[in-house]
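Based on the provided sequences and hints, a complete structural model is requested.
There are 2 protein chains.
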Amino acid sequence: MSVTSAVGRPSSSDDASGAPAAVPPGSGAAPSSTRPPAAEVAVLEVCRRAREASRALATALPAAKDAGLHAIADALVAATDRIVAANAEDIERGQASGMSASLQDRLRLDARRVAAIADAVRDVAALPDPVGEVVRGSTRPNGLRLRQVRVPLGVVGMVYEARPNVTVDAAVLALKSGNAAVLRGGSAAMSSNVAIVDVVRGALAASGLPADAVASIDEWGREGAVHLMRARGLVDVLVPRGGQDLIRTVVESSTVPVIETGWGNVHVYVDAAADLDQALAIAVNAKVQRPSVCNAAETLLVHREVAAAFLPRVLRELAGAGVALHVDDRVREAVAGAGIATTPATDHDWATEYVGLELAVGVVDSLDDAVAHIRRWSSGHTEAICTLDVRAADRFVAEVDSAVVVVNASTRWTDGAEFGLGAEVGISTQKLHARGPMGLAELTSTKWVVTGDGQLRG
Amino acid sequence: MSVTSAVGRPSSSDDASGAPAAVPPGSGAAPSSTRPPAAEVAVLEVCRRAREASRALATALPAAKDAGLHAIADALVAATDRIVAANAEDIERGQASGMSASLQDRLRLDARRVAAIADAVRDVAALPDPVGEVVRGSTRPNGLRLRQVRVPLGVVGMVYEARPNVTVDAAVLALKSGNAAVLRGGSAAMSSNVAIVDVVRGALAASGLPADAVASIDEWGREGAVHLMRARGLVDVLVPRGGQDLIRTVVESSTVPVIETGWGNVHVYVDAAADLDQALAIAVNAKVQRPSVCNAAETLLVHREVAAAFLPRVLRELAGAGVALHVDDRVREAVAGAGIATTPATDHDWATEYVGLELAVGVVDSLDDAVAHIRRWSSGHTEAICTLDVRAADRFVAEVDSAVVVVNASTRWTDGAEFGLGAEVGISTQKLHARGPMGLAELTSTKWVVTGDGQLRG
Numbered sequence: 001m002s003v004t005s006a007v008g009r010p011s012s013s014d015d016a017s018g019a020p021a022a023v024p025p026g027s028g029a030a031p032s033s034t035r036p037p038a039a040e041v042a043v044l045e046v047c048r049r050a051r052e053a054s055r056a057l058a059t060a061l062p063a064a065k066d067a068g069l070h071a072i073a074d075a076l077v078a079a080t081d082r083i084v085a086a087n088a089e090d091i092e093r094g095q096a097s098g099m100s101a102s103l104q105d106r107l108r109l110d111a112r113r114v115a116a117i118a119d120a121v122r123d124v125a126a127l128p129d130p131v132g133e134v135v136r137g138s139t140r141p142n143g144l145r146l147r148q149v150r151v152p153l154g155v156v157g158m159v160y161e162a163r164p165n166v167t168v169d170a171a172v173l174a175l176k177s178g179n180a181a182v183l184r185g186g187s188a189a190m191s192s193n194v195a196i197v198d199v200v201r202g203a204l205a206a207s208g209l210p211a212d213a214v215a216s217i218d219e220w221g222r223e224g225a226v227h228l229m230r231a232r233g234l235v236d237v238l239v240p241r242g243g244q245d246l247i248r249t250v251v252e253s254s255t256v257p258v259i260e261t262g263w264g265n266v267h268v269y270v271d272a273a274a275d276l277d278q279a280l281a282i283a284v285n286a287k288v289q290r291p292s293v294c295n296a297a298e299t300l301l302v303h304r305e306v307a308a309a310f311l312p313r314v315l316r317e318l319a320g321a322g323v324a325l326h327v328d329d330r331v332r333e334a335v336a337g338a339g340i341a342t343t344p345a346t347d348h349d350w351a352t353e354y355v356g357l358e359l360a361v362g363v364v365d366s367l368d369d370a371v372a373h374i375r376r377w378s379s380g381h382t383e384a385i386c387t388l389d390v391r392a393a394d395r396f397v398a399e400v401d402s403a404v405v406v407v408n409a410s411t412r413w414t415d416g417a418e419f420g421l422g423a424e425v426g427i428s429t430q431k432l433h434a435r436g437p438m439g440l441a442e443l444t445s446t447k448w449v450v451t452g453d454g455q456l457r458g
Numbered sequence: 001m002s003v004t005s006a007v008g009r010p011s012s013s014d015d016a017s018g019a020p021a022a023v024p025p026g027s028g029a030a031p032s033s034t035r036p037p038a039a040e041v042a043v044l045e046v047c048r049r050a051r052e053a054s055r056a057l058a059t060a061l062p063a064a065k066d067a068g069l070h071a072i073a074d075a076l077v078a079a080t081d082r083i084v085a086a087n088a089e090d091i092e093r094g095q096a097s098g099m100s101a102s103l104q105d106r107l108r109l110d111a112r113r114v115a116a117i118a119d120a121v122r123d124v125a126a127l128p129d130p131v132g133e134v135v136r137g138s139t140r141p142n143g144l145r146l147r148q149v150r151v152p153l154g155v156v157g158m159v160y161e162a163r164p165n166v167t168v169d170a171a172v173l174a175l176k177s178g179n180a181a182v183l184r185g186g187s188a189a190m191s192s193n194v195a196i197v198d199v200v201r202g203a204l205a206a207s208g209l210p211a212d213a214v215a216s217i218d219e220w221g222r223e224g225a226v227h228l229m230r231a232r233g234l235v236d237v238l239v240p241r242g243g244q245d246l247i248r249t250v251v252e253s254s255t256v257p258v259i260e261t262g263w264g265n266v267h268v269y270v271d272a273a274a275d276l277d278q279a280l281a282i283a284v285n286a287k288v289q290r291p292s293v294c295n296a297a298e299t300l301l302v303h304r305e306v307a308a309a310f311l312p313r314v315l316r317e318l319a320g321a322g323v324a325l326h327v328d329d330r331v332r333e334a335v336a337g338a339g340i341a342t343t344p345a346t347d348h349d350w351a352t353e354y355v356g357l358e359l360a361v362g363v364v365d366s367l368d369d370a371v372a373h374i375r376r377w378s379s380g381h382t383e384a385i386c387t388l389d390v391r392a393a394d395r396f397v398a399e400v401d402s403a404v405v406v407v408n409a410s411t412r413w414t415d416g417a418e419f420g421l422g423a424e425v426g427i428s429t430q431k432l433h434a435r436g437p438m439g440l441a442e443l444t445s446t447k448w449v450v451t452g453d454g455q456l457r458g
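Taken in sequence, the protein lines are chains Y and E. According to the working numbering, the first sequence is numbered sequentially starting from 1. According to the working numbering, the second sequence is numbered sequentially starting from 1.
Hints were generated in silico from the structure; no laboratory data involved. This structure is a prediction, so every number in the text was calculated from the model and none was measured. One or more of the hints may lead you astray.
Covered stretches of chain Y (chain E as the covering partner; in silico rule of three or more C-beta atoms under 8 Å from a C-beta of chain E) [to be verified]:
1. 140-147
2. 273-283
3. 398-408
Sample of chain E residues with no beta-carbon within 10 Å of chain Y, all distances over it, derived [what the hints assert, rightly or not]:
4. Ala67
5. Ala111
6. Arg140
7. Val194
8. Ala273
9. Glu305
10. Ala308
11. Arg435
By construction, the Cβ of each residue, glycine as well, lies at the ideal position given by its N, Cα and C atoms.
Take a look at the structure:
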């Protein structure tokens, strides 16, 4: 029986903890006549074990989970040499295959970075436990008592790219919120991830929590990832973390519900009524301060009334910081003779998340045109307006349909820690379940508990 | 360009409100060499118009939306004759094709029911508007002010079966929460739905709201439904309301995010420590009081220690109410000689939502076995325990992973109105976004608004 054939939970695969007396054990679990491929069997078995482990985690005491997290932090530090050595293999393979310097930087681990990862685990342990929080509740006129309580989602699948710190991050955020995690990291970080997951599982077992609560399916490669994405009923949610292509693949292939995170085609709009000095600082900060992350700006839109005054200044500063500029005709006119190198912007530029030192720049006739451009090209992550006009700010906030809308500040602030959410699972760019920076609460669901003394519906 | 090729929003189809100055109008919108079928073109055009209408609704004043809802209620009453006549065509077709009496009852409209539907619309108008609610907010140490604000989802697709009141219900719940609705009703109610949607659209236009905010795609049949389910980027969420097969089809076919609602394989477990009189009343109420709805019980599990005392009494009463009983061997033994007609329960019975006067009944050895049975077979809707043992109640609540867990009351209480949520969009049986009875807030997303005065990330 395929797990994807069942809505809700699968009937044959979800009873590993013991068949009930009323039902013949093993019924419905007969092997099908065509055997599934080995990778499918293996990945579904990993998911099944994670599901079983998730039941223990769901009712684990907060103190037990936190002890497990501290055990993981200690074990990572103790295994620093092993992890760094494994990471060196990944880096070496990356260099041999021509990996870019910025990707190598994201991939690289040294003792300092391992220690920082362990510290981040301890920070997560110190956060309030979201499980058990009573979200709302009431007593109904008939005496029924209702409470809506946070509960773990169950099994969280994470699909991500070449940053081995995400392996730890994803695992501990899932554990803290009472979930099991099935991890699929990028092949570029495979040696690092194998070592890290092994250390994490050992620490879990040593602290009395089920080792199967954290598992990697990296060894089954892309085929394994496909089976993870189809494990509806075993895996409760998939969280892809990475670039646009990764997210699109997961969204289009998954039958498991997906929370889209991460890719940001982020806009800064400089209004006619902007404080141009402030706008310049915001635009440069949004693009240059850390260009490799999803909340960095990718397109700058400037109102035509301030184009001549603003564009030569801001583009000179951006070019000086090494930013390649893709500009429309009116931008090129506005900076003509200023000695700033530009190339013509195409639709590709408006659509692209560069994740690097490149920027698309355009002139718009009005706030309406800025909003229309953003609606057309944005990924719905973060957009900023620079303006001192209250009505322009209000309209931008109301009409731009993105997870985060910023007035007179850098787009770089879109971040779980900066928002005070404690730890960040990712930045959701979708509208269901979670939108914007996701904290631990976004890795939970809720359950209604209804308590009565014989109330009947009449 | 297919709308399903874009993650987030489509680039070519989302700018119907005017191309921005910086981008050549129509770019990316060139017709493909192979023309899509007519139904696809038509359904996507309906969705596109709904998307445009949703922008007006998203920023409409609460008073304007409520005036629109009152206009709809008045128009429905004024069009009673037309609606009842259209409904009579549906009933006639249903009778000719052998539709069951209970389905005919769900389908039938008369003047009294139309008036009740209109009253329900006025009730929705009277509810608090969820849009604009500030869910949380703070001022960060650097002076950035954050607020997380409820915003509409955008376009809500509803796929449902033969109950024409759902057409109105779905439309007005979407409108009240600032969303446009694209409706796909069952073919059995097609004449009713066509008449109702026409009346609703007329009322919207007359009250100054966009008529395209409510649209039906019924005329394109099943093919139209498929295109609705693939309209990712134009439709923000699909809410199927109906039986298991409908929901499975939508879940498996959609690239649009889905909120599963409705089907309930609901369990009542009578513990060894139950008050048996109360348990009897609860079991009978849960099964018999309204067997055609999703919160009615479908399986009764009884602890072996009370099987002999409880089962003959409860099954006699259930049989007397006309309930067909599918029982396991130990139940048959417990009622042997009591003159109660039973048939053997199979796995099919444990898995089935009868939505009628049938019940599966089993004996379990322990609370553990009851929980294991429920984990295996439940749809995750509602499960109840009857017990006076605090530890049994606590364990059942903690270990049963369903949207609603009830202690010592009927499962029939799982309902948005009974929970005090005002109006019910459906009962979500999934874990993401909404779980259990969904109110208006569950048809919204949130947006973070960040306001500063030049804050940069350093």
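(message) Taking 8 Å as the Cβ threshold, is the statement that the region 398-408 of chain Y is covered by chain E upheld or broken by the three-residue rule?
(response) holds (count 10)
(message) Confirm or reject: Ala273(E) is not an interface residue toward chain Y, with every Cβ-Cβ distance exceeding 10 Å.
(response) Holds, because the least Cβ-Cβ distance between Ala273(E) and chain Y comes to about 14 Å, which exceeds 10 Å.
(message) For the region 273-283 of chain Y, count the residues whose Cβ lies under 8 Å from any Cβ of chain E; is that count three or more?
(response) holds (count 4)
(message) The output says Ala67(E) does not contact chain Y. Does that hold with a beta carbon cutoff of 10 Å?
(response) holds, 20 Å
(message) According to the definition I'm using, a residue is off the interface if its beta carbon is farther than 10 Å from all beta carbons of the partner; does Glu305(E) meet that for chain Y?
(response) holds, 13 Å
(message) Just want to verify: Arg435(E) was marked as not at the interface with chain Y; is every Cβ pair farther apart than 10 Å?
(response) violated, 5 Å
(request) Confirm or reject the statement that Arg140(E) sits farther than 10 Å, beta carbon to beta carbon, from all of chain Y. (result) Non-interface label on Arg140(E) violated, nearest chain Y Cβ at 7 Å vs cutoff 10 Å.
(message) If you count the residues of the region 140-147 of chain Y with a beta-carbon closer than 8 Å to a beta-carbon of chain E, do you get 3 or more?
(response) holds (count 3)
(request) Test the statement that Val194(E) is away from the interface with chain Y: the closest C-beta pair must be farther apart than 10 Å. (result) holds, 30 Å
(message) The output says Ala308(E) does not contact chain Y. Does that hold with a beta carbon cutoff of 10 Å?
(response) Given a closest Cβ separation of 16 Å, the condition holds.
(message) Just want to verify: Ala111(E) was marked as not at the interface with chain Y; is every Cβ pair farther apart than 10 Å?
(response) Non-interface label stands for Ala111(E): nearest chain Y Cβ at 26 Å, farther than 10 Å.
Going down the numbered hints, you'll see the structure goes against 6, 11, while the others check out.
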